[in-house]
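Protein chains in written order, with my numbering: chain L, 98 to 406; chain U, 1121 to 1382; chain Z, 17 to 331.
Among the hints, a few may not be true.
A few chain L residues that face chain Z, going by a derived Cβ cut-off under 10 Å, partial list only [stated by the list, open to error]: (1) Glu-125; (2) Glu-149; (3) Tyr-235; (4) Ser-325; (5) Leu-367; (6) Leu-389.
Computed list of chain Z residues with no C-beta within reach of chain U, every gap over 10 Å [what the hints assert, rightly or not]: (7) Leu-67; (8) Asn-78; (9) Leu-92; (10) Val-128; (11) Glu-168; (12) Gly-225; (13) Lys-275; (14) Arg-291; (15) Tyr-320.
Worth flagging that the hints you see were computed from the coordinates, not collected in a lab.
All values derive from a computational prediction rather than experimental measurement.
We treat Cβ as the ideally placed atom computed from N, Cα and C, and that holds for glycine.
If you want the building blocks of each chain, they are given just below.
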Amino acid sequence: MTISSLSEAIAAPPRKQVIRRLKERFIESVLFLCAFSCVAVTIAIMVILGTESIGLFKTVSLWEFFTGTEWAPLFEPAKYGILPLVCGTVTTSAIALFVAIPIGTTIALFLSEFASQKVRVWVKPILEILAGVPTVVYGYFALLFVTPLLQIVLPDLPGFNMLAAGLVMGIMIVPQISSMSEDAMRSVPDELREGSYAAGATKLQTAWNVVFPAAFSGVSSSYILGISRAVGETMIVSIAAGLQPTISFNPMDSAATMTAYIVQVSLGDLPHGSTGYQTIFAVGFLLVSMTLIFNTIGHWLKRRYREQY
Amino acid sequence: MINIDSPVSPAPPKVEVSNLNFYYGDKHAIKNVNLTLPTNKITALIGPSGCGKTTLLRCFNRMHDLYDGNRYEGEIVLDGQVNILSRRIDPIEVRMRVGMVFQRPNPFPKSIFENVAYGLRVRGEKNKSFIADKVEEALKASALWDEVNDRLKDMAFNLSGGQQQRLCIARALATDPELILFDEPTSALDPIATRNIEELMDGLKKQVTILIVTHSMQQAARLSDYTAFMYLGEMLECDRTEVIFKHAAQLRTRDYVSGQFG
Amino acid sequence: MATSISSPSSSTPLSPIQLSVIQRKRRSNLFSAAGIVSILIALMTLIALVLQLFIQGLPKLNWQFLTSFADPEASLAGVLAALVGSCLVMLVTAATAVPVGIGAGLYLEEYVTRNKFSALIEINVTNLAGVPSIVYGLLALGLFKYYFSLGESILTAGLTLALLVLPVVIVATRESVRAIPSSLREATYAMGASKSQMVFDHLLPYAFGNILTGVIIGLSRAIGETAPLVTIGALTFIAFLPESPIQSSFPFISFEWLKAPFTVLPIQMFNWVSRPESEFQVNAAAAGIVLLSLTLMMNSIAIYLRYRIQKSLKW
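Modelling step: build the complete structure from the supplied sequences, incorporating the hints.
So, in structure tokens, the structure goes:
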């Protein structure tokens, strides 16, 4: 059968071959366009964020934007210092990572080195469900469950606070860190584990002294991507952390993050080209630059551990 | 059948294996093996692929405990005192007395120094000068000291394959094991590195008992004092090496060592 | 038989080796316990979240809630417009993100010649997956709403969320196509097939189940996504449904709904949760139950699919 189709192909008239080749070319071009759309989206993000925010910097200097300590662009006199928003983002993200990194790493080490297959089969879907909960639901949970719960212990805690938002955000990031770290740990070859066990090590000693360092670039990539996720998270902080831009690193305070500010302005009336409109693009530009840096570092680290094994 | 305590070399037994059976789940991988390892001698395990050499070797430090569904029967008695397969014996205890060198070099992603010190650190050793002495001693014993003494802080991955394997031997030596298991230690190495390792092992037997699995009959003939021939999970024959290679009792052994099958 | 491995007499209480082993194993078990506690923290949070939603929202969750429009009166308000809106937006998202994503994935896995340009595309895909969703909202606000003048429509929202789902579909396609052994590709070529025949007659059908799993997970994220739709200005007070896509008269299919203003479930919930009155928070909880059920349902379909595929397909 192979022989007959081969001879047919050889005997096919040149026109048929040309059509076939054209068809192949066409399909490849269509698929290429699909792939290129990703590049187009990236370019579009940069261009749109750049052009829509450029107007702002005609009236506000970059120096004022990055060093000003007051953010009140919609009031008179307008203040354009982005530090309060950055401060809110840093504080909530720090709280989130304070929760997510220890818990996520512990779960990853436990699942990869200690747990039996049976336990793993049960735990992984739970983590996936946790990762699938919509952020607006987490926001609701932070505002109406976690904050009242914390207020029992901390009676002075305001209704909107960075602590509850950060804690819930941390739990939200746990599945991402644990699953990426576990992947990295599982790609550590068994030979290394056996070498350690053969030296008389316990599970914990093997996990901590051999597996964790061997998987470290993968694990740290999960941390970095976790930071990026925390910085970009929007709904939890807009619902539970408050909308008041303040320079404060106190978790018990209420404060606005960069993302929360964008949401707050978007909820109001927003004419194209107005100052408010320009500021959210400027804030968005800073946001996307920050996450871009973290993502690049994170993926670089991830590639490194892929190359190692 | 087993005739190790021949009048020529009255080496006292270090390990005695009696009626050992091993199962991977339902698969009966080691069938009723009896074997004696004489003290400070090299015993080689030979046999065709899949005959259970490595499986048997890994019984001696309970590596099979790492995976579910494995089961031992019978006894491996160390120094005439302890059955290391006993449920009451923790495999970690066993591994602290029995070292192992693997088929492929598997240094940890740490410095050369930390690789060798690992066994001591695992044991909770805190005395820095003691660790440094032990590391030096082990690296010297594994003939690696001259090559690496000026770069102990380098990553172990930067060493060549043969150096890595000698590092793994140093790692096993640093904790003063009484028995070292070698699982085809030279199969991933070039001839020169292989010769270095073989010379090294020959020197080591002054202080430790060695059990080695090898694919290469020449290696077994060159290196070992005793040779055990395994076939389909059974121990067909075990004797002094020259006996196995020249006057084996069984036809299958003769065929195998003369290269008729394998 | 002596129980001690290191001392000759069985009567010695415990050797230093045994003591060290016991101590080290205790630490190991302690860590194991810490692992279980960490998992329990995650599980408890999930349970607390679900309980909170149900205790507050279940009394409100009835037929009237599902079939009513938004209303200034909390007790009369419902999620009909939001539910329909979410479904229509997902339709647009799936219709755009799935073909483009699969096409891009196939190109990157099967067609691309490794060079600087392909590396550029790769970097873009990984970075797009990490861009905060609200940034896509800003892009949509500037590009779709003002530049293309698509307004605050279902089309704008669907395209916005498609940008979010796109990287997920691409990654799922690539991973499932990569899992197909190259012997199968060679076998197809050996039969005289062209590249596109190999890709579309063999790779795509074999990878379809895994791609579908990825698509469902991507859509389940998109359906809960709020931030990018807030920025394009989704309305929260919609008291009508968009025109039906299927008409009773010729030409039977209408695309007017694409231009209709809309709201979606997460936006509706966000609106209610932001109100100070507690009656609206009850509504928010009820909307949360609906939203969570939708995403959980999609997630469990995906998990089940993956489980089935893993069982039946072994390359």
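Chain U versus Glu-168 (chain Z) - minimum CB to CB distance exceeding 10 Å, so not interface
Non-interface label stands for Glu-168 (chain Z): nearest chain U Cβ at 54 Å, farther than 10 Å.
Should the hint that Leu-367 (chain L) touches chain Z count as held when the rule is a Cβ pair under 10 Å?
holds (7 Å)
Distance rule for Arg-291 (chain Z), whose beta carbon must clear each one in chain U by more than 10 Å
holds (55 Å)
Restraint outcome when Glu-149 (chain L) is required to lie within 10 Å of chain Z by C-beta distance:
At 5 Å from the nearest chain Z Cβ, Glu-149 (chain L) passes the 10 Å test, so the hint holds.
Tell me if the interface restraint on Glu-125 (chain L) is satisfied: Cβ within less than 10 Å of some Cβ in chain Z.
holds (6 Å)
Under 10 Å, Cβ to Cβ, is where Leu-389 (chain L) needs to be relative to chain Z, so tell me if that hint holds or is violated.
holds (6 Å)
Can we confirm that no CB of chain U comes within 10 Å of the CB of Asn-78 (chain Z)?
Check passes; 50 Å lies beyond 10 Å.
Hinted contact Ser-325 (chain L) with chain Z - closest CB pair below 10 Å:
Nearest chain Z Cβ about 5 Å off; hint holds.
Does the interface hint hold: is Tyr-235 (chain L) within less than 10 Å of chain Z, judged Cβ to Cβ?
holds (8 Å)
Using Cβ atoms and 10 Å as the threshold, tell me whether Gly-225 (chain Z) really stays out of contact range of chain U.
For Gly-225 (chain Z), whose nearest Cβ neighbour in chain U is about 29 Å away, the distance exceeds 10 Å, so it holds.
Status of Leu-92 (chain Z), Cβ more than 10 Å from any chain U Cβ:
holds (59 Å)
Status of the stated non-contact between Tyr-320 (chain Z) and chain U (beta carbon gap over 10 Å):
Non-interface label on Tyr-320 (chain Z) holds, nearest chain U Cβ at 26 Å vs cutoff 10 Å.
Violation of the numbered hints given earlier is absent; every hint is satisfied by the structure.
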